[in-house]
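Single-letter residue listing:
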Amino acid sequence: MPKCLVCYKWTLDEKDIKIKPEDLSLDTSRAKGKISDFDRNAIEEATRIVEQHGGTVHALTYGTSAVSESLKDVLSRGPETIYWISDNSAETADACVTANVLAAAVRKLESYDLILCGEGSSDLFNQQTAARLAALLGLPCITYVEKLSVEGDTVRATRKLADCTEVATVKGPVVLSVLGTINKPRIPSLKQVLGAAKKPKKEIKIADLGLNAEQLHPKSIHKTVKGFVAKRKTIIYREANAAANVGKLTSSLAAEGLL
Amino acid sequence: MPGIFVFSEDSALAKQLLTPALELKQQLSQPVTAVTTSEADAKELAALGADKVVVLQSTSGWTEGLSEAICGLVSGTGATIFLLGGTLRGKHVAAYVAAKLNSGMSTDAKSLKIEGGKLLSTRLLYAGLALCEEELTLPAVVTIPPRTFLPPNAAAKAGVIETVKAEADGRVTISDVTPHGGTGVDIAGVTKLVAVGRGLRKQEDLKLAEDLATALHAEIACSRPVAEDEHWLPIERYVGISGHTVKPELYLAVGISGQVQHMVGARESKVIAAVNNDEHAPIFEAADYGIVGDLYEVLPLLAAAVRKNGGR
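Those protein sequence lines, which keep their order, are chains B and S.
The first sequence begins at 43 in our numbering and counts up one residue at a time.
The second sequence begins at 16 in our numbering and counts up one residue at a time.
For reference, chain S alone in the conformation it holds in the complex:
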């Protein structure tokens, strides 16, 4: 029987996937099957409206190594649409399954709908320069980035849970799993961000931005070079095409030129403000408010002014 399948190794993302899956269920009148490796997630996914949840039981904890097993489940039952969480692990599994199904795949879809028997997805091209509407022949595979959808409300009737033994890819051995350092802050979930870029001359000068962030009750974020080249801040704070996409009320970009690769991660912010000494910096075309000036002079003044205003 044809159906809609969802999978993510990330618990929160797995639940979010059910929202577009249930919308597609309305349009296609096909049941939703959630695939998971976690018994705990299975109960929640069943309660949130998955008609069926299949728990893959394996001795391996490596998600990518279950690609073939997941593919077997999905193809054996005639999936029409397979939605996966757009983590890097999820994208690996998705591309593997898509190849085996000889199917199209839309990476990092922002929205989905059915039109004329095809699946339409919107996604970015050229590092965010353009938006594209992709038309996929069914069966189709799609990955959806974290936080694109909210999880659905609890369903009236919980779905059934089934457990299946899965064989992992024994050719690859995984070792030395090392979590990134950092404080575990999730900058994608905060209401105000002060983001710093290359305009900062040295690591100690982060204090200026941190002081402003404190005044604003904001968190600190940064552009790619600050995290990946200079290592001044952990990569959990980096906004951009291969970093976080954030949607705060206020995004205050300091010493960030505003290249599209960075802005694509920030442009869903409600208000964007910028401080930059180069009046021709592209950030000023992508900002609501801006100050052309030396951040070393502007930031202390701004922090003081915000404090006077009773910043909240």
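Same shape as in the complex, but just chain B:
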């Protein structure tokens, strides 16, 4: 029966981030937190496997104080225990620091058969955590998985790449990253939401992970962040007469030398 650990990130919902026209800075004041999109698929996949084969699903996260908002949401989706690391260092943590922290936490916890992550986070989309974790933990790694099956201690994963799919098979513990197409995350029922309140939420203090200053020092920082604003002509023909609109668009495209 597989023991699964899902690593997830609590991110801002990018739909609610606005670009300030005066300086192109990002206004995140209206953006709420969410479980990073593909991490939700990872939670669902681990839960699905355990429903099929028995076993356990634990969840692990590292973030700022905002992660406390995520715990019930995650627990209502299947995991039975959540480990959370809340620390100010997460404010500027890069993928290097994040992987160092998560790997150190995994070493402290029990041994897992499957460690699952989303392909990349909704905000930064660095696509690094799974392969970094595998490197640090000395485990094999299967990234970009769109289909997963477990039989005994054998894990079979179909990977989807730009030009092909391939099946990766591995025995024993493995780190996986899953694609958004692997499943459709369930919407938790009222019972699951209520049940989540009773599940254990265990805090891990970063100081207890035995990491040195170098391991917690980001190697990559965001020097500037600017909203992208399309500079387009936005000449829109909106008459009721479709033929008239088509005539105008055709003239415009011809004037651009495109016809």
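The hints are simulated quantities; they were obtained by calculation from the structure and are not laboratory data.
Since the model is a prediction, treat every value here as computed from it, not as a measurement.
Every residue gets a Cβ at the ideal spot worked out from N, C-alpha and C, and that includes glycine.
Don't take each hint at face value.
Below are the DSSO-like pairs computed for lysine-lysine, each with C-alpha atoms no more than 27 Å apart in a straight line [as the list claims (entries may be wrong)]:
1) S:40 / B:275
2) S:125 / B:57
3) S:115 / S:128
4) S:133 / S:115
5) B:45 / B:243
6) B:290 / B:273
7) S:128 / B:268
8) B:290 / B:45
9) S:180 / S:222
10) S:172 / S:58
11) B:57 / B:150
12) S:115 / S:40
13) B:114 / B:241
14) B:45 / B:247
15) B:247 / S:115
16) B:233 / B:45
17) B:273 / S:40
18) S:40 / B:265
19) B:202 / S:125
20) S:285 / B:275
21) S:125 / B:265
22) B:226 / S:217
23) S:58 / B:202
24) S:217 / B:265
25) S:262 / S:285
26) S:125 / B:273
27) S:125 / B:60
28) B:150 / B:45
29) S:222 / B:290
30) S:115 / B:45
31) S:40 / B:60
32) B:290 / S:207
33) B:62 / S:217
34) B:273 / S:222
35) B:273 / B:114
Derived list of chain B stretches under chain S, where covered just means 3 residues or more per stretch with a C-beta under 8 Å from a C-beta of chain S [claimed, not checked]:
36) 133-144
37) 159-173
38) 179-188
39) 206-218
Put chain S on the given structure of chain B with help from the hints.
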């Protein structure tokens, strides 16, 4: 001796990586070493200006399984910057190496430069909503998407080629490698695209867009749902954050609302035109020209008008 390293399992991309690598060589006065698994690529990379090419010889054809071997090569020689082709395989190897080096990594960098002893890279955040300048402490790992750079011209003097035996990760077995269906069209390389989205009601209606594409001498592209949910078109034709980034002269978006996840793949197009029945669709803010109207009425008229104009 410190140096700049490049690796991609994709031949074309490996050559493109040499362009930023040679620019960094100018700034850092450090040699460029190309790592490859292909003897054929090795000769070309040496001719294009790599000071040294290391051919990894392995019995495994699985690139990701060579992560540890590649890492050994790079870390053993004191790499300052390691550029990898931004395929999914390349990103897997890159993140593995970055973790082993305890280094930062910039994913999908669009440009690179050295400033104050640090590496500055530009990349997208929030699915393309924002552009970020990332500052990386050396040594640093970077992945670069296909077609970001052109390959360099042939160098005056070809670099040396060395062959090294590499051990692959034996824990993972790869089977059932299945190429995606499709015609092998590369929509990232064409001059005109007609892209269809959810505004299309059924697969047969693709004919309308195809007829317009024929008139315009354009290829057909699509948004993610058309390829991944409906499977009306192969994923080789899908434009967006996890699909293709295209830069045609004309991008004509039909029945596409214009969410940032899609537009990020199309916004480097020279001219963007849109047809959509929702006048509030975000596509109209991201387009040069647009028609608010029913695509079922507009497309046949447009195809006829283009033909009359002698579309080329």
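Structure-based check of all given hints:
no.: 1; hint: S:40 / B:275; result: violated, 40 Å
no.: 2; hint: S:125 / B:57; result: holds, 24 Å
no.: 3; hint: S:115 / S:128; result: holds, 24 Å
no.: 4; hint: S:133 / S:115; result: holds, 20 Å
no.: 5; hint: B:45 / B:243; result: holds, 18 Å
no.: 6; hint: B:290 / B:273; result: holds, 21 Å
no.: 7; hint: S:128 / B:268; result: holds, 18 Å
no.: 8; hint: B:290 / B:45; result: violated, 63 Å
no.: 9; hint: S:180 / S:222; result: violated, 53 Å
no.: 10; hint: S:172 / S:58; result: holds, 12 Å
no.: 11; hint: B:57 / B:150; result: violated, 36 Å
no.: 12; hint: S:115 / S:40; result: holds, 24 Å
no.: 13; hint: B:114 / B:241; result: holds, 9 Å
no.: 14; hint: B:45 / B:247; result: holds, 23 Å
no.: 15; hint: B:247 / S:115; result: holds, 24 Å
no.: 16; hint: B:233 / B:45; result: holds, 24 Å
no.: 17; hint: B:273 / S:40; result: violated, 34 Å
no.: 18; hint: S:40 / B:265; result: holds, 23 Å
no.: 19; hint: B:202 / S:125; result: holds, 24 Å
no.: 20; hint: S:285 / B:275; result: holds, 11 Å
no.: 21; hint: S:125 / B:265; result: holds, 15 Å
no.: 22; hint: B:226 / S:217; result: holds, 23 Å
no.: 23; hint: S:58 / B:202; result: violated, 31 Å
no.: 24; hint: S:217 / B:265; result: violated, 46 Å
no.: 25; hint: S:262 / S:285; result: holds, 7 Å
no.: 26; hint: S:125 / B:273; result: holds, 19 Å
no.: 27; hint: S:125 / B:60; result: holds, 23 Å
no.: 28; hint: B:150 / B:45; result: holds, 15 Å
no.: 29; hint: S:222 / B:290; result: holds, 24 Å
no.: 30; hint: S:115 / B:45; result: holds, 26 Å
no.: 31; hint: S:40 / B:60; result: violated, 39 Å
no.: 32; hint: B:290 / S:207; result: holds, 19 Å
no.: 33; hint: B:62 / S:217; result: violated, 39 Å
no.: 34; hint: B:273 / S:222; result: violated, 32 Å
no.: 35; hint: B:273 / B:114; result: violated, 42 Å
no.: 36; hint: 133-144; result: holds (count 5)
no.: 37; hint: 159-173; result: holds (count 11)
no.: 38; hint: 179-188; result: holds (count 5)
no.: 39; hint: 206-218; result: holds (count 9)
Hint violations for this structure: numbers 1, 8, 9, 11, 17, 23, 24, 31, 33, 34 and 35, all remaining hints satisfied.
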